[in-house]
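Novice: Chains as they are written, first to last, in the working numbering: chain Z, 1 to 339; chain Y, 1 to 625.
Calculated from the structure, these hints are not laboratory results. Model, not experiment: these values are computed from the prediction. Just to be clear, a hint being listed does not mean it is correct.
[What the hints assert, rightly or not] Mimicking SDA-like on lysine to any residue, the simulated pairs with C-alpha atoms at most 20 Å apart in a straight line are: (1) Y:LYS195 / Z:HIS332; (2) Y:LYS233 / Z:TRP337; (3) Y:LYS197 / Z:MET334; (4) Y:LYS282 / Z:TRP337; (5) Z:LYS313 / Y:ALA281.
[Stated by the list, open to error] Residues from chain Y shown here face chain Z by an in silico Cβ test under 8 Å; the list is partial: (6) VAL238; (7) GLU294; (8) ASP295; (9) GLY371; (10) PRO374; (11) ILE421; (12) ARG473; (13) GLY476; (14) ASP480; (15) GLY483.
[What the hints assert, rightly or not] Residues of chain Y clear of chain Z, computed beta-carbon distances all greater than 12 Å: (16) TYR53; (17) ARG58; (18) LEU132; (19) VAL498; (20) ARG544; (21) GLY601; (22) GLY605.
Idealized CB from N, CA, C, for every residue including glycine.
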Amino acid sequence: MTDVAVPETTKADWTSPEEPRWCPGCGDYSILTAIQMMMPDMGIKREDTVFVSGIGCAARFPFYMNTYGLHSIHGRSPAIATGLAVARPDLNIFVVGGDGDMLSIGGNHLIHALRRNANITILLFNNQIYGLTKGQYSPTSEVGKITKTSPFGSLDEPFNPVSLALGAETSFVARTHDMDRKHMQSVIRKAHEHKGAGLVEIFQNCNIFNDGAFAAITKKANREDMLIDLVHGEQIRFGVDKARGVLINSSGSAEIVDVTADNQSSLMVHDEHAYDPALAFALSRLSSGPYEPTPVGVFRSVERPEYAEETAKQLAHAQETKGAGDLDSLLHSMPTWTI
Amino acid sequence: MTDTAAPVPEVRQLDTLVVRFAGDSGDGMQLTGDRFTSASASFGNDIATLPEYPAEIRAPQGTLGGVSAFQLQIADHSITTPGDAPNILIAMNPAALKKELNRLEPGGTIIVNEDAFDERNLKKAGYLENPLNDNSLDGYSLFAVPMTTITKEVCKDTGVKPRIAERSKNFFALGLVSWLYNRETKGTIEWIENKFKKLPEVVAANKAAFNAGHAFGETAELWDITYEVRPAKLDPGVYTSVTGNLATAWGMVAAGQLAKLPIFLGSYPITPATDILHEVAKHKNFGARTFQAEDEIAGVGAALGAAYGGSLAFTTTSGPGVALKGETIGLAMILELPLVIVDVQRGGPSTGLPTKTEQSDLMMAMYGRHGESPLPVVAAYTASQCFHAVIEASRIALKYRTPVMLLTDGYLANGSEPWLIPDTATLPDISVDFATEPNAQDSEGNPAFHSYKRDENLARPWAIPGTPGLEHRVGGLEKDVTGEISYDPQNHQDMTDVRAAKVAGIANDIPPTMVSGDIGESDVLVLGWGSTWGSIESGMKRARAEGKKVAHAHLTHINPFPSDLGAILTKAKKIIVPELNMGQLSKLVRAEYLVDAKAVGKVMGQPFTAAEIHDAINAALAGDS
Numbered sequence: 001m002t003d004v005a006v007p008e009t010t011k012a013d014w015t016s017p018e019e020p021r022w023c024p025g026c027g028d029y030s031i032l033t034a035i036q037m038m039m040p041d042m043g044i045k046r047e048d049t050v051f052v053s054g055i056g057c058a059a060r061f062p063f064y065m066n067t068y069g070l071h072s073i074h075g076r077s078p079a080i081a082t083g084l085a086v087a088r089p090d091l092n093i094f095v096v097g098g099d100g101d102m103l104s105i106g107g108n109h110l111i112h113a114l115r116r117n118a119n120i121t122i123l124l125f126n127n128q129i130y131g132l133t134k135g136q137y138s139p140t141s142e143v144g145k146i147t148k149t150s151p152f153g154s155l156d157e158p159f160n161p162v163s164l165a166l167g168a169e170t171s172f173v174a175r176t177h178d179m180d181r182k183h184m185q186s187v188i189r190k191a192h193e194h195k196g197a198g199l200v201e202i203f204q205n206c207n208i209f210n211d212g213a214f215a216a217i218t219k220k221a222n223r224e225d226m227l228i229d230l231v232h233g234e235q236i237r238f239g240v241d242k243a244r245g246v247l248i249n250s251s252g253s254a255e256i257v258d259v260t261a262d263n264q265s266s267l268m269v270h271d272e273h274a275y276d277p278a279l280a281f282a283l284s285r286l287s288s289g290p291y292e293p294t295p296v297g298v299f300r301s302v303e304r305p306e307y308a309e310e311t312a313k314q315l316a317h318a319q320e321t322k323g324a325g326d327l328d329s330l331l332h333s334m335p336t337w338t339i
Numbered sequence: 001m002t003d004t005a006a007p008v009p010e011v012r013q014l015d016t017l018v019v020r021f022a023g024d025s026g027d028g029m030q031l032t033g034d035r036f037t038s039a040s041a042s043f044g045n046d047i048a049t050l051p052e053y054p055a056e057i058r059a060p061q062g063t064l065g066g067v068s069a070f071q072l073q074i075a076d077h078s079i080t081t082p083g084d085a086p087n088i089l090i091a092m093n094p095a096a097l098k099k100e101l102n103r104l105e106p107g108g109t110i111i112v113n114e115d116a117f118d119e120r121n122l123k124k125a126g127y128l129e130n131p132l133n134d135n136s137l138d139g140y141s142l143f144a145v146p147m148t149t150i151t152k153e154v155c156k157d158t159g160v161k162p163r164i165a166e167r168s169k170n171f172f173a174l175g176l177v178s179w180l181y182n183r184e185t186k187g188t189i190e191w192i193e194n195k196f197k198k199l200p201e202v203v204a205a206n207k208a209a210f211n212a213g214h215a216f217g218e219t220a221e222l223w224d225i226t227y228e229v230r231p232a233k234l235d236p237g238v239y240t241s242v243t244g245n246l247a248t249a250w251g252m253v254a255a256g257q258l259a260k261l262p263i264f265l266g267s268y269p270i271t272p273a274t275d276i277l278h279e280v281a282k283h284k285n286f287g288a289r290t291f292q293a294e295d296e297i298a299g300v301g302a303a304l305g306a307a308y309g310g311s312l313a314f315t316t317t318s319g320p321g322v323a324l325k326g327e328t329i330g331l332a333m334i335l336e337l338p339l340v341i342v343d344v345q346r347g348g349p350s351t352g353l354p355t356k357t358e359q360s361d362l363m364m365a366m367y368g369r370h371g372e373s374p375l376p377v378v379a380a381y382t383a384s385q386c387f388h389a390v391i392e393a394s395r396i397a398l399k400y401r402t403p404v405m406l407l408t409d410g411y412l413a414n415g416s417e418p419w420l421i422p423d424t425a426t427l428p429d430i431s432v433d434f435a436t437e438p439n440a441q442d443s444e445g446n447p448a449f450h451s452y453k454r455d456e457n458l459a460r461p462w463a464i465p466g467t468p469g470l471e472h473r474v475g476g477l478e479k480d481v482t483g484e485i486s487y488d489p490q491n492h493q494d495m496t497d498v499r500a501a502k503v504a505g506i507a508n509d510i511p512p513t514m515v516s517g518d519i520g521e522s523d524v525l526v527l528g529w530g531s532t533w534g535s536i537e538s539g540m541k542r543a544r545a546e547g548k549k550v551a552h553a554h555l556t557h558i559n560p561f562p563s564d565l566g567a568i569l570t571k572a573k574k575i576i577v578p579e580l581n582m583g584q585l586s587k588l589v590r591a592e593y594l595v596d597a598k599a600v601g602k603v604m605g606q607p608f609t610a611a612e613i614h615d616a617i618n619a620a621l622a623g624d625s
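Model the full structure from these sequences, guided by the hints.
Specialist: See below:
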């Protein structure tokens, strides 16, 4: 919007005076800090940046950013952000929400925002639980989850947010977690720099209602064995001495194998730019929950027409071919008669 | 051929004519009615139309449920309704005759497509005997014309296959009716050529059928009188014919120009509102952004997002959509952002009568949100006036930073009337300023932006993203004047009060109640709102013609009410409130003014007839209501 150069800023400039009201120890704090810290290096201005959210613990996020912010209603933030993005392609728009907000009540808006590919970066804080309503199972909770609304265990098969996003034609899909600031920042930066809609699933610990849900994979001591870091152009390997790897087996699924001299050459080389989402989807199915080795990083990053830009092109084309709108001509555009 | 020319029938003048075209959904009755309307409008008649079609795109052929009708009134003077009883019914099949006959005036004219009255169609319509032969129509002037046969015959030379040719029979009917009422034919021929220009065969068939219908009238010697309705003495100027939905769409484009803002329409297809989205989507050269959302909620959500970004934003829908949008409208209300919600009301509840008119969303527009959330409510009162109603709703939304409910309905949406095209230079400037500077100081004396600090209209600043120095957060949580979240009990009371006061204060900024007649001198006051205006005016004229003392007060603003309404109602001896619901406005004025306003409710999917209003006035005068 403004033409002057991006001024030098610090984390403090991006921090609003509002005191965060999350529970002490919540994973949201580390995500907030990561983002506040990275903003000065993003090459964007505070006044051109908008955080949009729905309802939930994560949805309080905009209040803590010293940017423009819109805390809306449960589930609707992808739709609201899409309208804003279409009307104002000059803005940097981030959407923040939890798994309940985005995948339950807002599931419909999420998939449609993703398929349309307007320029919004969606940060999905996945803690596999409803926090603000004090601990009910969410659409990402594991089957059998014991909560107040499921005292005998939940029956619902959870969503895999990455699989869902790939199925919804998302042009940028990534996953990270709240225990690794650098990784978060790297993935979120890529999501922002991507033209079009991006979805970043962030594993986030709710220390009150679902403490340690991701500890088996995100705890420092476990990461090497349990997180499969996807690096574009490199073989997908992980574990001590990169002794394990991923290949596509004869039935077309991704499979974790111990790397041997025989199979080493057939290991998958990660191509985040592959337009066909089949391999990205296969990777998303490697893990059925945060207790198995789980891929993190960018699953898919492809170019696709950006919605707001395409809208603007149609407007420009109409103005070129029909001339700028003239109200008098419009009102006389149907058959007229004179009395 | 003999050289004896057919006798030229006498031309008799009519001051008004009500025509009803009825046929199967696939018979092209809406097109036929539309075309007859246009021919009459360009001739200079005043017109009012009432298209009525089934909810199904193609209901079972030949059945009563599949009957599609189009009624229009044309007159040599100013009229306000599509007429009560048709003078002439054109029935393309037995079902149309059966379904529509009871509307026809006693002794009225019926023209039927005789070819359609075969055993199968008669049975589908539920006729045991062919009504064309059993004398049951003796009280009417019946003309049975083999429209299909003649149409197929004349289309032989065009090379069109008989099955295709048959579809042109509506143009035969149009040609015949055009002859009977002395409508000029050139415009219709040109229209056919233009409308079907990509299908030369269809052009040929339709023209042949239209000409054949016209020629049939001339040569069949069935009529010794034809009729003419002279041009009406309307205000001089350039006219065009608009439906309410077209006028609404153009009103949005105009409002954007008058506000000097880009417009954004977020919407989801729903009958009978969809045509507005269709129309606005055409006008991208005005910078109009249209967004067909995944659902009603996303339609209003996207519009709200655009409003937050500085667009003049609209969402269009009907009752079921308003129900879904309620939570987002409530958010817009507490955010205090401009937004116009257009509700093209239809029969409810639930899916109800989706293609029929009703005014039963008034209470939902007023109160259909959780919490204390008053919103301005504006109602359009004629099809063409929808144009100005959108501009007015936009003006209020922008000036007071509030969502505004604009109520139209199926009758206004689909009905058309001639419209004296306004001089755009006379349209109001509705532009407002965005906030660009801090408006307060923080505790340390530094410049600060208080996002809920109010102006003289109690409106808060509209500071859009991209404005340096005014970065702030807004949301659905209660906040204080600074914009910070506040759970303070007194603050919530104060904010609730001020939001209500803001809306109430708009009463000083809207036109007075529309009044016709002298209220103090009248024995009964008819109070109406929105689309009933035409029916009430028409019914009242009849009562006045009988020497009855009646006045009409009409509302285009329902929240807040115009500031003179209380005095008007207090002055009235008796008040009746005809509305296409079961008494919603009457409840509102009773609650607000403690007056004995009697509801005259109707929910039959159709507007009031003038006769119904006339009867209601008489009943009130007789003390029956």
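Novice: It remains to establish, for every hint, whether it holds in the given structure.
Specialist: The hints, checked one at a time:
no.: 1; hint: Y:LYS195 / Z:HIS332; result: holds, 18 Å
no.: 2; hint: Y:LYS233 / Z:TRP337; result: holds, 14 Å
no.: 3; hint: Y:LYS197 / Z:MET334; result: holds, 17 Å
no.: 4; hint: Y:LYS282 / Z:TRP337; result: violated, 23 Å
no.: 5; hint: Z:LYS313 / Y:ALA281; result: holds, 14 Å
no.: 6; hint: VAL238; result: holds, 5 Å
no.: 7; hint: GLU294; result: holds, 4 Å
no.: 8; hint: ASP295; result: holds, 6 Å
no.: 9; hint: GLY371; result: violated, 12 Å
no.: 10; hint: PRO374; result: violated, 19 Å
no.: 11; hint: ILE421; result: holds, 5 Å
no.: 12; hint: ARG473; result: holds, 4 Å
no.: 13; hint: GLY476; result: holds, 6 Å
no.: 14; hint: ASP480; result: violated, 13 Å
no.: 15; hint: GLY483; result: violated, 10 Å
no.: 16; hint: TYR53; result: holds, 21 Å
no.: 17; hint: ARG58; result: holds, 28 Å
no.: 18; hint: LEU132; result: holds, 37 Å
no.: 19; hint: VAL498; result: holds, 20 Å
no.: 20; hint: ARG544; result: holds, 26 Å
no.: 21; hint: GLY601; result: holds, 35 Å
no.: 22; hint: GLY605; result: holds, 28 Å
In terms of the numbered hints stated before, the structure departs from hints 4, 9, 10, 14 and 15, listed from lowest to highest.
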